[in-house]
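Trainee: With the hints as your guide, set chain P onto chain B.
Protein sequence lines, in the order shown, are assigned to chains B and P.
Numbering follows full-length UniProt numbering, with no gaps: position 95 of the first sequence is 95.
Numbering follows full-length UniProt numbering, with no gaps: position 154 of the second sequence is 154.
The set of hints was computed from the structure by calculation and includes no laboratory data.
Quantities reported herein were computed from a predicted structural model and do not represent experimental measurements.
Each hint should be verified, as a subset may be incorrect.
[Stated by the list, open to error] Some chain B residues judged to face chain P by a derived CB distance under 7 Å, without partners named:
1) Ser124
2) Val158
3) Gly269
4) Gly273
Here a beta-carbon is modelled for each residue, glycine too, at the ideal position from N, C-alpha and C.
Protein chains: 2
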Amino acid sequence: MINPLEPALRKQARFNLPNRFLALQKLITKKVLTIILTAIVSFGVRAQQNTGFRQGSLVSPQISEGNSVTFRLKAPLAQSVSIKGDWEADGGKGTMTKDASGVWSFTVASLPSDMYLYTFTVDSVQLLDPVNPFVCRDVGNLFSVLITNNGKGDYYSVKEVPHGSVARTWYPSTAFKTSRRMTVYTPPGYEESKTRYPVLYLLHGSGGDEEAWVTLGAVPRILDNLIAERKVEPMIVVMPNGNPSKQAAPGETKENLAYRPVMSNTLPGYKEGSYELSFKEIVDFVDTHYRTQAMKSKRAVAGLSMGGFHSLFVSANHPDLFDYVGLFSPGINFKTVNMNLPAYNDLENKLAAQMKKGIKLYWMGIGKTDMLYEPLQEYKKILDKIHFPYKYVESSRGHIWSNWRSYLLEFTPLLFKK
Amino acid sequence: MINPLEPALRKQARFNLPNRFLALQKLITKKVLTIILTAIVSFGVRAQQNTGFRQGSLVSPQISEGNSVTFRLKAPLAQSVSIKGDWEADGGKGTMTKDASGVWSFTVASLPSDMYLYTFTVDSVQLLDPVNPFVCRDVGNLFSVLITNNGKGDYYSVKEVPHGSVARTWYPSTAFKTSRRMTVYTPPGYEESKTRYPVLYLLHGSGGDEEAWVTLGAVPRILDNLIAERKVEPMIVVMPNGNPSKQAAPGETKENLAYRPVMSNTLPGYKEGSYELSFKEIVDFVDTHYRTQAMKSKRAVAGLSMGGFHSLFVSANHPDLFDYVGLFSPGINFKTVNMNLPAYNDLENKLAAQMKKGIKLYWMGIGKTDMLYEPLQEYKKILDKIHFPYKYVESSRGHIWSNWRSYLLEFTPLLFKK
Numbered sequence: 001m002i003n004p005l006e007p008a009l010r011k012q013a014r015f016n017l018p019n020r021f022l023a024l025q026k027l028i029t030k031k032v033l034t035i036i037l038t039a040i041v042s043f044g045v046r047a048q049q050n051t052g053f054r055q056g057s058l059v060s061p062q063i064s065e066g067n068s069v070t071f072r073l074k075a076p077l078a079q080s081v082s083i084k085g086d087w088e089a090d091g092g093k094g095t096m097t098k099d100a101s102g103v104w105s106f107t108v109a110s111l112p113s114d115m116y117l118y119t120f121t122v123d124s125v126q127l128l129d130p131v132n133p134f135v136c137r138d139v140g141n142l143f144s145v146l147i148t149n150n151g152k153g154d155y156y157s158v159k160e161v162p163h164g165s166v167a168r169t170w171y172p173s174t175a176f177k178t179s180r181r182m183t184v185y186t187p188p189g190y191e192e193s194k195t196r197y198p199v200l201y202l203l204h205g206s207g208g209d210e211e212a213w214v215t216l217g218a219v220p221r222i223l224d225n226l227i228a229e230r231k232v233e234p235m236i237v238v239m240p241n242g243n244p245s246k247q248a249a250p251g252e253t254k255e256n257l258a259y260r261p262v263m264s265n266t267l268p269g270y271k272e273g274s275y276e277l278s279f280k281e282i283v284d285f286v287d288t289h290y291r292t293q294a295m296k297s298k299r300a301v302a303g304l305s306m307g308g309f310h311s312l313f314v315s316a317n318h319p320d321l322f323d324y325v326g327l328f329s330p331g332i333n334f335k336t337v338n339m340n341l342p343a344y345n346d347l348e349n350k351l352a353a354q355m356k357k358g359i360k361l362y363w364m365g366i367g368k369t370d371m372l373y374e375p376l377q378e379y380k381k382i383l384d385k386i387h388f389p390y391k392y393v394e395s396s397r398g399h400i401w402s403n404w405r406s407y408l409l410e411f412t413p414l415l416f417k418k
Numbered sequence: 001m002i003n004p005l006e007p008a009l010r011k012q013a014r015f016n017l018p019n020r021f022l023a024l025q026k027l028i029t030k031k032v033l034t035i036i037l038t039a040i041v042s043f044g045v046r047a048q049q050n051t052g053f054r055q056g057s058l059v060s061p062q063i064s065e066g067n068s069v070t071f072r073l074k075a076p077l078a079q080s081v082s083i084k085g086d087w088e089a090d091g092g093k094g095t096m097t098k099d100a101s102g103v104w105s106f107t108v109a110s111l112p113s114d115m116y117l118y119t120f121t122v123d124s125v126q127l128l129d130p131v132n133p134f135v136c137r138d139v140g141n142l143f144s145v146l147i148t149n150n151g152k153g154d155y156y157s158v159k160e161v162p163h164g165s166v167a168r169t170w171y172p173s174t175a176f177k178t179s180r181r182m183t184v185y186t187p188p189g190y191e192e193s194k195t196r197y198p199v200l201y202l203l204h205g206s207g208g209d210e211e212a213w214v215t216l217g218a219v220p221r222i223l224d225n226l227i228a229e230r231k232v233e234p235m236i237v238v239m240p241n242g243n244p245s246k247q248a249a250p251g252e253t254k255e256n257l258a259y260r261p262v263m264s265n266t267l268p269g270y271k272e273g274s275y276e277l278s279f280k281e282i283v284d285f286v287d288t289h290y291r292t293q294a295m296k297s298k299r300a301v302a303g304l305s306m307g308g309f310h311s312l313f314v315s316a317n318h319p320d321l322f323d324y325v326g327l328f329s330p331g332i333n334f335k336t337v338n339m340n341l342p343a344y345n346d347l348e349n350k351l352a353a354q355m356k357k358g359i360k361l362y363w364m365g366i367g368k369t370d371m372l373y374e375p376l377q378e379y380k381k382i383l384d385k386i387h388f389p390y391k392y393v394e395s396s397r398g399h400i401w402s403n404w405r406s407y408l409l410e411f412t413p414l415l416f417k418k
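Chain B on its own, in the form it takes in the complex:
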């Protein structure tokens, strides 16, 4: 994929009005200015506050044949520039080199099709790629984003298929005595039909929030594309905020911009179980406000890391609610939990009861180098001991979004089959 935008960017650079405007203003009278501005405006410009790319015609990242990717940064005065990304080759690290015009560049030979995050470091200052307007926030950090195609990345991309809707809405929580925010994906055709849909409850990890799965997790694209290919049943995906001490994502709470995202485990209320025990209030809200198939066989709960921990205990404490459970790199080191709390105690009996009520799929996936690999092996022993049936998948790499998007691609086609 050659980036076709260079001419457009060059054209764009001509319209960087505000600076020129300020410089002119000092030199000429208002009347002359009016004539000049009229002439400029007659080029058809309706300049807004902040326009024009910061780095002229520079293209970065440039994705070429075979998913080779070139990154560029103009920094003529810099002493050293490096790049750090979440790809596997060379640990995602690269040293950039400078050309005569002060542009630093670095090329990665071939990136397997996926979504990637990266930043530059210029003389010890970490920054986003200034010419790439696409970013994702992960916990408290922003990253520049790119997608390589011809593989999994195609599912993370917008294609010419019908698109679902994505809503941010608030539900009243009796358990937390406040309203809380959730993100809800409804499948293409939801608004036009009278159909009732199954529901996947999809939970984020520690430090995440109700924005994580829609941005880093590419949920709207994955669902749109898999539904278009008829690989998954059209479904509603509910992504609630799973951070007991916060109502909503950073910037969406009454603390506004004063709350800087931190890992959930540094916040009060972490792992005391009230979120897991009260989860039915979320299900009830969704069943009341959306056209759902409000039954166990049409409900799934899945989550990554802390969300896997939540999914385990939400489903174990509500054996009548979910026929499908997904634990993605689950954070289930029980040594870190007070297992005497009502949400967590008596686990073997709860699992036995859940098994007895019937469960259609209990799916677990983890990367071979995940730091949470061993705790999941311990958990498998508990399941084996009581003959609890499950599906277990091992992938390469570790505790990363690349795996979680991939698990979603694997998990969702298994849901809600007759």
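Mentor: Relative to the frame of chain B, chain P by itself:
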């Protein structure tokens, strides 16, 4: 407002696991590693892919008494660091100074209550504030964001009031033979009630898209807060994409990340009138899919810059649709338009017909230093000539979001009154 997060950030810095993990991995066997990791995990950490603030315990921006704001950047190797923001004092420019620890800082004495955008420039490279996770995209550029309170900024902030929902959805466009994306705000209580609501159609400027008003324009906060104060009628706000050659915002189209946002006027289809002439398909979609009061007296259309141009011609070409029209810094230099096109021709007669059908409010606002000030004065003469009644407001400053948010605060309380 003193930022209370410094201790939390310091705590956070300890949990920057992945790097330590990699370093350790080379030194120790897997068994030892497992023991160490178990110990680390037992601190309650469920580290995700990219965690920890990049600049340790640094706080930036720090908003103090009287809305004095201090910006900080750690860049020990930099030769010069400056800041550029969209506040008025000193043209939003500042030179930062370095302390012994390599932290550059700059303090603005007092920023009037508002939302502000800013960037740093380090040795000629422009970058976002690395410790501020809050950003807005304006056309193709990202900016760090801050809000100062005790004034208009309070309306741009999340408060403890009921919150509306915000949905991104797609409508089928017959005119453009494709589906197109829109953002829809529904007021608090919409989901619970059977009430029908009035609708404000709110249009973005050149280079903007269906995300502009919700992010830069703070629409959800402004509406939530004004509705809570009973200053505006609960209403639906529809923010369609007004870029004839694009289906959706950058990153939401089939071009994916290859489409870098540019000004609309560099794209095909700009100002040929099909968007304005076909606007009723948007109104019909909204009236079909939302509980609207589907009548002229309960509909408004308003927009900024190019969206003001659109609002003028959308309403003039549909005299039966809107009782309320708002032109915010409208881009109406008719010398730049082919006024023979069906959407734009015969304007005086169209306005006369619109007046005859009755209009409750025709509101126009512009900044005294706006480059589009003169064309609006010309347009007022056209309206005066045919005795078209309007309300005209002049503000300070120019073609900036500060004004457009402010106009929205002024305009919405005037809508849908009996």
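Trainee: Can we keep the valine 158 (chain B) interface hint, with Cβ of chain P closer than 7 Å?
Mentor: holds, 5 Å
Trainee: Measuring from the C-beta of glycine 269 (chain B) to each C-beta in chain P, is the shortest one below 7 Å?
Mentor: At 12 Å from the nearest chain P Cβ, glycine 269 (chain B) fails the 7 Å test, so the hint is violated.
Trainee: So, as I understand it, the hint says glycine 273 (chain B) touches chain P; can you test that by seeing if any CB pair is closer than 7 Å?
Mentor: The hint is violated - glycine 273 (chain B) has no Cβ within 7 Å of chain P, the shortest such distance being about 14 Å.
Trainee: Can we keep the serine 124 (chain B) interface hint, with Cβ of chain P closer than 7 Å?
Mentor: holds, 5 Å
When each numbered hint is compared with the structure, violations occur for hints 3 and 4.
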